[in-house]
Amino acid sequence: MKFDKGIAGAALVAGLCIAGAARAETISVVTFGGAYEAAAKQAYFDPFTKETGTGFSLEAYDGGLAKLSAMVEAKNTTWDLIDLESNDAIAGCDEGLLQKLDLATLGDTSDFIPGSITPCAVATMVWSTVFAYDKTKLATAPTSMADFFDLKAFPGKRGLRKSPKATLEWALIADGVAAADVYKVLGTPAGVDRAFKKLDSIKKDIVWWEAGSQAPQLLADGAVVMVQAYNGRISNAVKEQGKPFVTVWDGQVYDFEWWGVPTGAKSGDAAKKFIAFQAKPEVLSQLSKYIAYAPPRSKAVELIDAETLKGMPTAPANFGNAVQIDVPFWTDNFDALNKRFTAWLAQ
Amino acid sequence: MTVTTDRDDRAGAFRRARRRDARRAFALAVPLLAFLLITFIAPIVMLLMRGVQNPELSRAMPVLSASIGAWDGTGLPDETIAAAFAADLPGAQESGSLGPLARRLNFYLPEFRSLLMKTARRLPPAADDWRAALAAIDERWATPEPWRVLQRAAINPTPDYLLAAMDAKVGPEGGVTAAPADESVYVDAFGRTFWISAVVTFLCLVFGYPVAWLLANLPPKQADRLMILVIVPFWTSLLVRTTAWYVLLQPGGVINSLLIWTGLTTEPLPLVFNRTGVLIGMTHILLPFMILAIYSVMKGISPTYMRAALSLGAHPVVAFLRIYLPQTLPGVGAGCFLVFVLALGYYITPALLGGAGDEMISQLIAIQTNQQLNWGLAGALSAYLVLFTLVFYFIFNKLVGVDRLRFG
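Read top to bottom, the protein sequences are chains A and B.
Read in order, the letters of the first sequence correspond to residues 1 to 347 in this note's numbering.
Read in order, the letters of the second sequence correspond to residues 348 to 755 in this note's numbering.
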């Protein structure tokens, strides 16, 4: 009996020590999960742990500020580092959900793409919304956005993210609007009507998805012949699972992905150190080894080999008809356009 | 005299003992009641309260929200109101309350967020004529519309979320107007939610009644085996069952492959991402509730009634309709009520198996909560859902009587 107690006591002490150590040196990070989380772990988290001894606990979410907002309101932020889309990075900063960063810790930032550093968040990569098809199932290869909307030449279901974002841009591009003019047209009521009219033409053949990992799955299941997807998800399905998917870059809608530190983060200082660490060109350039997302600074791009560069959204061959997502436009108009989109979906 | 006192004493002692027991029983239940209050009732009430709260403007701009009510809503507000706005704006930006306000106002009027942020950035430290100074920053300040929005936002508590949840709003003249057809979402979604729930309830009843009868009337050994087939799905995770249906129903899935292989069809049937998928998935998931509710009542019906009816010469159909069926009604009522109310709040199954036209109200509440951060509208929509559920409860109570319900 005594003996048992001794063991239990020792175990308890050991457990407390481990827990204490873990609490002191763990950054709780939340990302979009899946292939991106795995890539970030190999490219950023593991090297940072090796250098500083600070560990990471990983969590996944589907974007949006709801959970963060609830945590900050309850004054119990359990995240230290957050992976953000552009609109959330900007709104989060405006609404006091993210901490201001000391940008001097980043060193010389002159080679970052303009707009990829904000007071509360630093961009870590460029990702893109593209469409992909299964080459074993389509006789002729689609090459343009117009083909995605062409049911006669390419019959079959289309997978789209259930959101007006990127989808409305695509409808206009398919309808002949130049990539540079998309937001000018979408900013007018007539332009919005035009986009919905174009979507009407394929509505009955659209399958809607919500989580990023559903997109390659729909294509693999044969539930759709073409699918809108985040480019990294498609290239990973090709690279790691040998899927016969082909990415079409025409009309790609690209955006930055950001790191931010939530207000009230318990290991916020360690998270800030991590942001400065991963912004170094030699660290940033590692990510593209594991997933086809491009670094936001040219010094990091120089470190990537030519073969990998070809699969990046920013490669010259892919970048011809690209649209950069207009974040201010969407922060202003998302609510109104989403209402219209939801009503249109149900019609 | 002594006798009565004695009796009074005894009666009093008895009452006291009863009260003490009641108190003790209540004391035992206190932890549970407190738990329910803290973890269940209070959060729900707080969420519902958000449907009428409108604190953003008064928090960010106390001077403006106190003075803008005086404006009659025609033309432009006078200089004192414009000056109050300009005086409040820097403070709001500093305290971090401008962001939540911008989000709130953008729900009223698209592009209000950028208008407010831009104005805050470019606001001069002082001006003689604030109305002109604001109009110089952005010409929209020279129109009454943004001022009307600020005036609406100053009203707390507000009816606006509750109106928006019914696709209506207060127009510029003050009357309630319906939103244009291409922005009307929620009334249709409520209608669709009720319709899907009703169809699912009907399907569960049609499929569940015979199974319950079989369970109640088979020899115990066989009934036990059959019961396992009902209970195991009941215990299986909702998500697992929904995903399993996706695997079965998809175009390249088991059912379609089988149909094509047997030559019954050449093209895969559209079984998923539409209403068919939602109805199949929800009916399957809710079926055990119906079966178990009816079964528990059928189990208590003595077979002698039917035997008596038949021996007195009733046709089996007549005997079933007039003797057996009425006795099972409490179970049928309980099953229908349970299935219908559970179906009203369904979320995962329609999200995974449904298409564009099958969104139920919980999905729209989730979008407002998670994506739009419009917790006011989410609270208002939830309030209607709770209200409609209560209405159904009272209708049901009138028709069947809750005291007659039997869940087993």
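Be aware that a few hints might be false.
[Stated by the list, open to error] Subject to a maximum C-alpha distance of 30 Å in a straight line, what follows is the list of computed DSS-like cross-link-like pairs (lysine-lysine): (1) A/Lys203 - A/Lys272; (2) A/Lys100 - A/Lys75; (3) A/Lys100 - A/Lys152; (4) A/Lys41 - A/Lys184; (5) A/Lys197 - B/Lys646; (6) A/Lys310 - A/Lys41; (7) A/Lys135 - A/Lys152; (8) B/Lys568 - A/Lys184; (9) A/Lys137 - A/Lys67; (10) B/Lys568 - A/Lys67; (11) A/Lys152 - A/Lys75; (12) A/Lys239 - A/Lys75; (13) A/Lys266 - A/Lys165; (14) A/Lys67 - A/Lys243; (15) B/Lys516 - A/Lys67; (16) A/Lys266 - A/Lys100; (17) A/Lys165 - B/Lys568; (18) B/Lys646 - A/Lys165; (19) A/Lys165 - A/Lys67; (20) B/Lys516 - A/Lys272; (21) A/Lys157 - A/Lys100; (22) A/Lys100 - B/Lys465; (23) B/Lys646 - A/Lys162; (24) A/Lys266 - A/Lys243.
I should point out that these hints are in silico values taken from the structure, not numbers from a laboratory.
A quick look at each hint next to the structure:
Among the hinted pairs, A/Lys203 with A/Lys272 is inconsistent with the structure: their alpha-carbon atoms are about 45 Å apart, more than 30 Å. Simply put, A/Lys100 and A/Lys75 have alpha-carbon atoms about 18 Å apart, close enough for the 30 Å limit, and the pair holds. Pair hint A/Lys100 plus A/Lys152 does not hold up; C-alpha atoms about 52 Å apart against a cutoff of 30 Å. Using a Cα cut-off of 30 Å, the hinted pair A/Lys41 and A/Lys184 is violated, with the two alpha carbons roughly 39 Å apart.
Between A/Lys197 and B/Lys646 the alpha-carbon distance is near 58 Å, which puts this suggested pair outside the 30 Å criterion. As the CA atoms of A/Lys310 and A/Lys41 are separated by approximately 23 Å, the hinted pair is consistent with the 30 Å bound. Between A/Lys135 and A/Lys152 the CA atoms are separated by roughly 18 Å; this keeps the pair inside 30 Å, and the hint holds. Between the alpha carbons of B/Lys568 and A/Lys184 the distance comes to roughly 73 Å, so the proposed pair goes past 30 Å and is violated.
Proposed proximity of A/Lys137 and A/Lys67 is contradicted: the alpha carbons are some 40 Å apart, above 30 Å. Between B/Lys568 and A/Lys67 the alpha-carbon distance is near 51 Å, which puts this suggested pair outside the 30 Å criterion. For the hint linking A/Lys152 to A/Lys75, the alpha-carbon distance of about 55 Å lies beyond 30 Å, and the restraint is violated. As the CA atoms of A/Lys239 and A/Lys75 are separated by approximately 43 Å, the hinted pair breaks the 30 Å bound.
Only pairs whose Cα atoms come within 30 Å are accepted, and A/Lys266 paired with A/Lys165 is rejected, the gap being roughly 34 Å. With a C-alpha separation of about 35 Å, the suggested pairing of A/Lys67 with A/Lys243 is violated against the 30 Å cut-off. For the given pair, B/Lys516 sits about 29 Å from A/Lys67 by alpha-carbon distance, which is consistent with the 30 Å threshold. Distance restraint check for A/Lys266 and A/Lys100: the Cα-Cα separation of roughly 15 Å lies within the 30 Å cut-off, and the hinted pair is therefore satisfied.
Note on A/Lys165 and B/Lys568: the hinted pairing is violated, with a Cα-Cα distance of about 58 Å set against a maximum of 30 Å. A C-alpha spacing of about 56 Å is found between B/Lys646 and A/Lys165, which places the hinted pair above 30 Å, so the restraint is violated. For the hint pairing A/Lys165 with A/Lys67, the CA-to-CA distance comes to about 21 Å; that is within 30 Å, so the pair holds. Distance check on the hinted pair: B/Lys516 and A/Lys272 sit about 45 Å apart at the alpha-carbon level, beyond 30 Å; violated.
Note on A/Lys157 and A/Lys100: the hinted pairing is violated, with a Cα-Cα distance of about 45 Å set against a maximum of 30 Å. In summary, the hint linking A/Lys100 to B/Lys465 is supported, as the alpha carbons are separated by about 20 Å, within the 30 Å threshold. Between B/Lys646 and A/Lys162 the alpha-carbon distance is near 47 Å, which puts this suggested pair outside the 30 Å criterion. Among the hinted pairs, A/Lys266 with A/Lys243 is inconsistent with the structure: their alpha-carbon atoms are about 42 Å apart, more than 30 Å.
This entry does not satisfy hints 1, 3, 4, 5, 8, 9, 10, 11, 12, 13, 14, 17, 18, 20, 21, 23 and 24, going by the numbered hints stated previously.
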